[in-house]
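A.B. asks: Quick mapping for you: the protein sequence lines, in order, are chains G and W.
Mapping of the first sequence onto the working numbering: residues 1 to 328, in sequence order.
Mapping of the second sequence onto the working numbering: residues 1 to 328, in sequence order.
A couple of the hints might just be wrong.
No copy labels: a pair is met if it fits in one copy or bridges any two.
Each computed DSS-like pair below joins lysine-lysine, with the alpha-carbon atoms no more than 30 Å apart [what the hints assert, rightly or not]: (1) Lys310 x Lys265; (2) Lys117 x Lys303; (3) Lys109 x Lys303; (4) Lys265 x Lys109; (5) Lys310 x Lys109; (6) Lys117 x Lys265; (7) Lys303 x Lys265; (8) Lys117 x Lys310.
Honestly, the hints are just simulated from the structure, not real lab data.
Each chain is listed here by its residues.
There are 2 protein chains.
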Amino acid sequence: MPAAELIELWRGGLREGVHRGHAVIHDGRDVVAAWGEPDAVIFPRSSCKMIQALPMLESGAADAAGLGVEQLALSCASHNGAARHVERVGEWLDGMGLGEADLRCGCHKPWDREEAKRLTCSDAVPSQLHNNCSGKHAGFLSWVRHAGAGAEYVELDHPLQTAIRQATDDVTQEEPAGVGIDGCSAPNFAGSITGLARAMAAFAQPSGDGRGRAMTRLVEAMTTYPELVAGEGRACTELMRAMEGRVAVKTGAEAVFIAIIPERKLGVAVKIEDGGTRASEAAIAALLVHLGVLDRAHPVVGKLLSDPMKNWRGLEVGELRLASGFPV
Amino acid sequence: MPAAELIELWRGGLREGVHRGHAVIHDGRDVVAAWGEPDAVIFPRSSCKMIQALPMLESGAADAAGLGVEQLALSCASHNGAARHVERVGEWLDGMGLGEADLRCGCHKPWDREEAKRLTCSDAVPSQLHNNCSGKHAGFLSWVRHAGAGAEYVELDHPLQTAIRQATDDVTQEEPAGVGIDGCSAPNFAGSITGLARAMAAFAQPSGDGRGRAMTRLVEAMTTYPELVAGEGRACTELMRAMEGRVAVKTGAEAVFIAIIPERKLGVAVKIEDGGTRASEAAIAALLVHLGVLDRAHPVVGKLLSDPMKNWRGLEVGELRLASGFPV
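Generate coordinates for the entire structure from the input sequences, incorporating the hints supplied.
C.D. replies: Spelled out as structure tokens, the structure:
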């Protein structure tokens with residue numbers, strides 16, 4: 001099936017735009033519900049960071065380094081590069097006797113308004129610590145340090161990436177459909193959106209073995225520190241706060257969004273084919289309301305989906321709407 | 001027909017995303033070529049500013065006020081709010097004995113990096129002069145002053161908007177399919193993408209009457225001052241510079257783009273249904289190359305369409321591609 005119409009933009013009583021995509025709800029055995037093409041091949045991008053963090057825990061590297069819950073949350077984060085993120089990742093590297101130069105994620109201006117202002121107004125350049133993936137890369141370096149592996153940890157043939165590839169195969173129950181280079185230079189394994197939802201269902205119903213315990217610790221870290229996983233004003237942070245620790249969610253570039261719902265033993269994956277983040281955020285909010293884990297009346301639902309869009313003078317000019325048949 | 005696939009995003013040898021939309025090339029009499037649905041109803045948003053400026057010239061208001069070519073360019077602009085734009089619009093208002101408070105466009109942070117830095121680092125708030133539509137609104141006020149009309153010039157029943165509605169009907173040769181409120185609070189009349197392309201073809205082959213002379217002056221103003229129509233680094237400015245005054249182009253919110261090509265007597269209109277600006281910019285560049293008015297080897301074509309996408313470490317991670325059948 002082709003991509004389904006999921007989110008519409010309305011203005012003046014007319015449909016001004018539409019976002020198409022794919023969404024799957026999975027219970028670990030079967031697809032519970034799907035929109036669009038459940039076999040569509042996607043790049044999960046940053047939505048799979050909790051999968052990429054599994055080797056760090058399963059290898060014993062996290063415990064050997066004495067990593068805390070905050071560090072586990074940062075290892076799954078696409079953070080804002082706020083002071084709280086930069087300081088914690090910097091201290092993490094210091095603790096390993098490493099520094100910013102050991103990261104391989106590259107530099108970009110932080111999304112956090114205050115930190116961006118501080119850099120701009122002091123004519124300072126961002127460091128790799130500001131990169132939204134710096135916590136994931138610090139976790140990568142913890143694995144590298146524990147394994148005594150080489151410094152070029154984002155190379156596809158580095159043993160860390162081999163371990164991540166194996167963990168990805170295990171939890172998605174698929175072979176990768178391909179591999180791309182992510183914005184942070186790490187390999188990103190493509191697969192079906194059903195495979196991604198299946199993996200999130202595995203995180204929602206962890207077994208009692210080492211992998212299950214690793215999954216539990218990562219989900220608990222994400223839901224315990226939502227502000228470390230993204231930042232103030234970000235959808236991931238506000239959604240996890242709204243659900244008060246019951247659900248872990250994670251966004252990815254090009255409009256991917258996942259949810260891990262332990263109380264329902266469900267995994268959810270959304271991909272908007274045009275990469276429109278406003279639509280992936282609206283779609284995951286709609287699915288979380290649909291599944292009964294997010295209060296339709298919570299302000300974050302209004303912010304991401306149901307509040308009217310206002311212009312520069314505060315006039316209501318349009319709105320996002322759910323397309324017919326999504327979610328029901 | 002549904003929206004057609006126009007622009008694709010590729011990563012790691014796989015298609016990561018796709019932008020669908022509609023595009024029409026019109027010669028003033030007939031549709032020369034179309035992709036997607038030529039009857040699709042769209043909001044032109046800021047792509048129709050040269051239509052909204054027609055009453056200012058046709059009424060004699062522009063000449064009565066002694067407006068120069070720079071002001072005509074600003075009246076068609078979605079500018080960056082750089083100092084050059086803010087100063088000129090401010091002087092324009094001063095010349096009418098009016099001020100920033102007489103504008104009805106609202107305030108937003110300027111897109112120009114230097115001006116945004118100046119405001120941010122001095123804890124100053126943007127004024128309505130920074131609004132990308134402030135030049136259009138100054139033109140509106142010139143019409144209002146000449147007509148002795150009321151101050152609330154963005155109200156749908158204000159005589160200025162009645163005049164703009166009439167001009168829109170004339171040049172699109174359509175009745176509006178609806179009306180919305182734009183980001184700058186002005187009414188925006190919806191119509192078919194073919195109607196918008198037909199209107200741009202009229203600007204490309206102006207008659208010898210008053211309207212034709214107004215069209216000629218507006219197109220010449222846009223192509224003479226591309227930096228006033230948008231700003232440094234913006235697609236409109238760089239495309240018009242690359243075509244050295246031969247073609248006028250204008251973007252609009254939610255991924256609309258038009259082109260006026262006098263030497264070919266053609267009008268072009270593009271709408272990406274998901275509002276993705278990267279795709280509308282790539283699509284208009286592809287159509288301008290296709291029509292032989294933009295050099296495929298010009299750097300702006302690389303920037304908007306054909307150069308590899310690089311990540312924060314400068315690694316090539318993906319690329320935009322033209323979908324099969326677009327433009328040929």
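A.B. asks: Out of the numbered hints, which ones does the structure contradict?
C.D. replies: 1, 4 and 6
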